[in-house]
Amino acid sequence: MAKGVLVDIPKCIGCESCSVACKLWNELEWDEQEKCKTAADRAKEPNNGLWPEEWTSINRFDLEKDGESVARYVKAQCMHCEDPACVSSCFSKAFQKLPEGPVIYDQSLCVGCRYCMMACPFDILRYEWKKAIPGVRKCQMCATRVANNQETACTSVCPTGAITFGDREELLAEAKKRIKEHGYVDRVFGEKEAGGTSWLYISDTPFEQMRFRTDVTTKPLPSYTEGYMKATPFVGVGWAAILAGLYVYNNKGKEPLD
Amino acid sequence: MASKAGQVKNLSRRSFLKFVGGTAGLVGISLNLTGCGDPATADEAIGGNGWMPTQYNAPGNWPTSVRGRVPIDPENPAIVRDDQKCILCGQCIEVCERIQSVFGNYELPIKKEFVCVNCGQCIQWCPSGAISERDDVNKVFKALADPNVTVVVQTAPATRIGLGEEFGMPVGTNVQGKQVAALRKLGFDVVFDTNFTADLTIMEEGTELVKRVTGELHHPIPQMTSCCPGWVKFVEYFYPELIPNLSSAKSPQQMEGALIKTYFAEKKEVDPKKIFSVSIMPCTAKKFECQRPEMNSASKELNDSNVSPDVDVVLTTRELARMIKRAGIDFASLPEEEYDKLMGTGTGAGVIFGTTGGVMEAAVRSAYFLITGQQPPAALWNLTPVRGMQGVKEAAVNIPGVGDVKVAVISGLANARKVMDQMKAGNAPWAFMEIMACPGGCEYGGGQPRASSPPSDEDRNRRAASLYNIDAKSKLRNSHDNPEIKQIYADFLTAPMSEKAEELLHTHYVSRADDFIPKKSEENKLF
Ligand code: SF4
Ligand code: SF4
Ligand code: SF4
Ligand code: SF4
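In the order they appear, the protein sequences are chains A and B.
The opening position of the first sequence corresponds to residue 1 in our numbering, with each subsequent residue numbered one higher.
The opening position of the second sequence corresponds to residue 1 in our numbering, with each subsequent residue numbered one higher.
Just chain A, with the same shape it has in the complex (with noise of 0.2 angstroms):
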């Protein structure tokens, strides 16, 4: 059965337990830079606080409730649709949907097009500029512990519950559940978003004043990057050829991919 995540923002206080667990298991590099932001610092950040190396991050939104100013934190990570515009915009297949839920991106197969970024309608997709062979990076919803039976390994560091792995489908019913008991915002974020996602949102305050593309559309995006890739398939392929030789070129001598 396909697997999700319910994140349940109200209940998250905000301790990056779950950030911290990503790069321990992913084994993500630690930037001096990024190590001192602050959770409200990213919240203000275009890609908040998304980059190569940071797969999941923690904004904290300043709000207004019931005439009382107070604090929301939301995990950012890769949604992980059902029908994911990466995967389809993907001519080489570096990307795929894995039954289990997780959508994940293989470098070997990656020509670096990068025109999952530009159809990835949450704007996850972090190319990695600096490296001398860049590619994609994004969270893979832990697809090996996932595929193991095991949670995530965000999830089963946090303290509080806030973020909960489980049958999407289970979730879903959960979520909303849960908002009628707490008087949550009527919309789970993730069941028809973009198609739906693997990851739900559920919260007491609007999605829209924490950052949420909550324009989205609800149809399933691959429908539209399809047409997009349909009328520039010459070019499409053209540079995929160009960039897999110049992968060629880059990478003679050396032990692929190390």
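For the record, the hints were derived by calculation from the structure and aren't laboratory data.
Here the structure is a predicted model, which is why all the values come from computation and not from measurement.
Take these hints with a grain of salt, some might be off.
Derived pair list, reagent style BS3-like, types lysine-lysine, alpha-carbon separation capped at 30 angstroms [claimed, not checked]:
id: 1; chain 1: B; residue 1: LYS424; chain 2: B; residue 2: LYS211
id: 2; chain 1: B; residue 1: LYS85; chain 2: A; residue 2: LYS130
id: 3; chain 1: A; residue 1: LYS177; chain 2: B; residue 2: LYS520
id: 4; chain 1: B; residue 1: LYS112; chain 2: A; residue 2: LYS35
id: 5; chain 1: A; residue 1: LYS37; chain 2: B; residue 2: LYS139
id: 6; chain 1: B; residue 1: LYS520; chain 2: A; residue 2: LYS176
id: 7; chain 1: A; residue 1: LYS44; chain 2: B; residue 2: LYS111
id: 8; chain 1: B; residue 1: LYS267; chain 2: B; residue 2: LYS185
id: 9; chain 1: A; residue 1: LYS37; chain 2: B; residue 2: LYS268
id: 10; chain 1: A; residue 1: LYS97; chain 2: A; residue 2: LYS131
id: 11; chain 1: B; residue 1: LYS519; chain 2: A; residue 2: LYS176
id: 12; chain 1: A; residue 1: LYS192; chain 2: A; residue 2: LYS180
id: 13; chain 1: B; residue 1: LYS500; chain 2: A; residue 2: LYS65
id: 14; chain 1: B; residue 1: LYS268; chain 2: B; residue 2: LYS300
id: 15; chain 1: A; residue 1: LYS177; chain 2: A; residue 2: LYS65
id: 16; chain 1: A; residue 1: LYS177; chain 2: B; residue 2: LYS519
id: 17; chain 1: B; residue 1: LYS341; chain 2: B; residue 2: LYS267
id: 18; chain 1: B; residue 1: LYS519; chain 2: A; residue 2: LYS65
id: 19; chain 1: A; residue 1: LYS180; chain 2: B; residue 2: LYS111
id: 20; chain 1: B; residue 1: LYS112; chain 2: A; residue 2: LYS37
id: 21; chain 1: A; residue 1: LYS35; chain 2: A; residue 2: LYS131
id: 22; chain 1: B; residue 1: LYS268; chain 2: A; residue 2: LYS35
id: 23; chain 1: B; residue 1: LYS112; chain 2: A; residue 2: LYS65
id: 24; chain 1: B; residue 1: LYS112; chain 2: B; residue 2: LYS139
id: 25; chain 1: B; residue 1: LYS274; chain 2: B; residue 2: LYS300
id: 26; chain 1: A; residue 1: LYS176; chain 2: B; residue 2: LYS111
id: 27; chain 1: B; residue 1: LYS325; chain 2: A; residue 2: LYS35
id: 28; chain 1: B; residue 1: LYS85; chain 2: A; residue 2: LYS37
id: 29; chain 1: A; residue 1: LYS65; chain 2: B; residue 2: LYS520
id: 30; chain 1: A; residue 1: LYS37; chain 2: B; residue 2: LYS111
id: 31; chain 1: A; residue 1: LYS177; chain 2: B; residue 2: LYS112
id: 32; chain 1: A; residue 1: LYS192; chain 2: A; residue 2: LYS219
The calculated label-pair distances, taken between Cβ atoms and stated as ranges, are [said to hold, decoys possible]:
id: 33; chain 1: B; residue 1: LYS85; chain 2: A; residue 2: LYS180; range: 35 to 43 angstroms
id: 34; chain 1: A; residue 1: LYS35; chain 2: B; residue 2: LYS211; range: 48 to 56 angstroms
id: 35; chain 1: A; residue 1: ASP66; chain 2: B; residue 2: ALA145; range: 35 to 43 angstroms
Listing some non-contacts, in silico: residues in chain A with all C-beta distances to chain B over 10 angstroms [what the hints assert, rightly or not]:
id: 36; residue: MET117
id: 37; residue: ALA132
id: 38; residue: LEU172
id: 39; residue: PHE207
Where is the CB? At the ideal position from N, CA and C, for every residue including glycine.
Position chain B with the ligands relative to chain A; hints supplied.
Chain B with the ligands in isolation, oriented as in the chain A frame:
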């Protein structure tokens, strides 16, 4: 084939598929360009097709047991965390929730702030050193380098029996004289002892207690101590209705700070605007305390907004050790030096403030004197029922003319919470209660040296024994016998709780109940 760890590295950093198929990327590319490549599926990826099952493939730096951690506000004045060192072991949650009863004792969503009493016990429990005090060493070095500034420092009772550990000495070694020498060497102009204001606290707080008991002051009994800023903040958060029970006396640190910029400045004719007041504390909550807006008495008293807060910077014992090391001072070979006069003399009663039960013992000695006009009997110099590492201790002290006075001593906030709930239910037979946030009191405060082993009562007892030893050897063992205390009342303050004393040495508290929603039920603490 690459090693297990190597595979995972490639998997996470570079390539999911390499791990799956181990094929060179280019094959994949060419296949895929022609549309014939088979994308891997998860079960091929995991364990299938002759590959190493991934349950053995956790990355090398994934800890064996993970639990998450306490939230720490980036603005927290007392503690900071280095994410890169955190191994998500959950020890900080363990101590914060179970021993201090702070974490998890609020409802979600959080309202304005992360509830934290700044006690720093999480620092002592964190096995990887990820949590530490907010480092204020540079502010002090800067002040020391400024020739126009008089830098006055005070040292808390407990730092003298902690600091030595940072230089390889046995747990509990008393390094009082060397600490003074080191501070002078670092360039501090005047070195005072917080033991002096511990004695002063006893005079003020003792007088207040007597006034409460006689009904002269319409404040409820039991009176609770207010010298621990972690405890005070805990009351402000969770028991605002018990704020009237808190003694209005400031903590010794804040009394000393206020007097440095008034009494000392006046006596020594130093411009209070040019005094930089530093305290060396075994405590991280003191960093929070000195930033409280109320702790600005000198400026108010002198009616001069250019006078900075009573205590400008608080350094923990560990930070002082870092300063000494950075300056290249050979601590072990330093001579023993004396504190400066005026506010540098403390009694045995003052020094035991540094351990659980000490404030009570000191208070009982002087309360006896204040009530009967007689010196306390020798039995009160060794009040064993309030000594030791038990979380809740009780004693009854017979004071002629008054009868048995019941007292309670508590350390560790989870213990305090239980007793406070009992008090709210109307069950508080005590006249006076001493409460310290940290288990064992300040000697194992959040700013004390981190032992190589996790916090233990063995180390706590050794440090406490050292404090009791200093007390036992002191010539003066009652706060009211301190000659500098007599002098300050004669020359400056007139009498305990005089108008001036109220102005400089007493304070008020604020309810923090609006900053969060307390946990409604006792069950299911972990959210
Ligand atoms: S699912 Fe895994 S990769 Fe994604 S954010 Fe969580 S820990 Fe990181
Ligand atoms: S671990 Fe849980 S509570 Fe902590 S920041 Fe992440 S989602 Fe929020
Ligand atoms: S005790 Fe230290 S290492 Fe363990 S979770 Fe807390 S901060 Fe991280
Ligand atoms: S300082 Fe004390 S209250 Fe604050 S997080 Fe650490 S243990 Fe909890």
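Results for each hint:
1. LYS424(B) with LYS211(B): holds (23 angstroms)
2. LYS85(B) with LYS130(A): Status holds; Cα separation ~25 angstroms.
3. LYS177(A) with LYS520(B): With Cα atoms ~21 angstroms apart, LYS177(A) and LYS520(B) stay inside 30 angstroms; holds.
4. LYS112(B) with LYS35(A): holds (23 angstroms)
5. LYS37(A) with LYS139(B): Answer holds: LYS37(A) to LYS139(B) is near 22 angstroms, not above 30 angstroms.
6. LYS520(B) with LYS176(A): Judged against 30 angstroms, a Cα distance of about 24 angstroms means the pair holds.
7. LYS44(A) with LYS111(B): At roughly 20 angstroms apart (the allowed maximum being 30 angstroms), LYS111(B) and LYS44(A) satisfy the hint.
8. LYS267(B) with LYS185(B): holds (24 angstroms)
9. LYS37(A) with LYS268(B): Not satisfied, since the Cα-Cα distance of roughly 46 angstroms exceeds 30 angstroms.
10. LYS97(A) with LYS131(A): Cα-Cα ~26 angstroms, so holds.
11. LYS519(B) with LYS176(A): Within the cut-off at roughly 24 angstroms; holds.
12. LYS192(A) with LYS180(A): Measuring from Cα to Cα gives roughly 19 angstroms; hence the hint holds.
13. LYS500(B) with LYS65(A): violated (45 angstroms)
14. LYS268(B) with LYS300(B): With a Cα-Cα distance of about 20 angstroms, the restraint between LYS268(B) and LYS300(B) holds, given a limit of 30 angstroms.
15. LYS177(A) with LYS65(A): holds (22 angstroms)
16. LYS177(A) with LYS519(B): Satisfied, since the Cα-Cα distance of roughly 22 angstroms is no more than 30 angstroms.
17. LYS341(B) with LYS267(B): Holds, at roughly 12 angstroms.
18. LYS519(B) with LYS65(A): Between LYS519(B) and LYS65(A) the Cα gap is close to 20 angstroms, so the pair holds against 30 angstroms.
19. LYS180(A) with LYS111(B): holds (21 angstroms)
20. LYS112(B) with LYS37(A): Holds - the C-alpha atoms of LYS37(A) and LYS112(B) are around 20 angstroms apart, at most 30 angstroms.
21. LYS35(A) with LYS131(A): holds (20 angstroms)
22. LYS268(B) with LYS35(A): violated (47 angstroms)
23. LYS112(B) with LYS65(A): Cα-Cα ~12 angstroms, so holds.
24. LYS112(B) with LYS139(B): Holds, at about 29 angstroms.
25. LYS274(B) with LYS300(B): Distance of about 16 angstroms is within 30 angstroms: holds.
26. LYS176(A) with LYS111(B): holds (24 angstroms)
27. LYS325(B) with LYS35(A): holds (27 angstroms)
28. LYS85(B) with LYS37(A): holds (16 angstroms)
29. LYS65(A) with LYS520(B): holds (21 angstroms)
30. LYS37(A) with LYS111(B): Given that 30 angstroms is the threshold and the Cα spacing comes to 22 angstroms, the pair holds.
31. LYS177(A) with LYS112(B): Distance ~26 angstroms between LYS177(A) and LYS112(B) Cα, so the pair holds.
32. LYS192(A) with LYS219(A): holds (8 angstroms)
33. LYS85(B) with LYS180(A): 35 to 43 angstroms: Given range 35 to 43 angstroms: holds, Cβ gap about 42 angstroms.
34. LYS35(A) with LYS211(B): 48 to 56 angstroms: Given about 53 angstroms between the Cβ atoms, the range holds.
35. ASP66(A) with ALA145(B): 35 to 43 angstroms: Violated - the Cβ-Cβ distance for ASP66(A) and ALA145(B), about 51 angstroms, lies outside 35 to 43 angstroms.
36. MET117: holds (18 angstroms)
37. ALA132: Holds: least Cβ distance 13 angstroms, greater than 10 angstroms.
38. LEU172: holds (21 angstroms)
39. PHE207: holds (15 angstroms)
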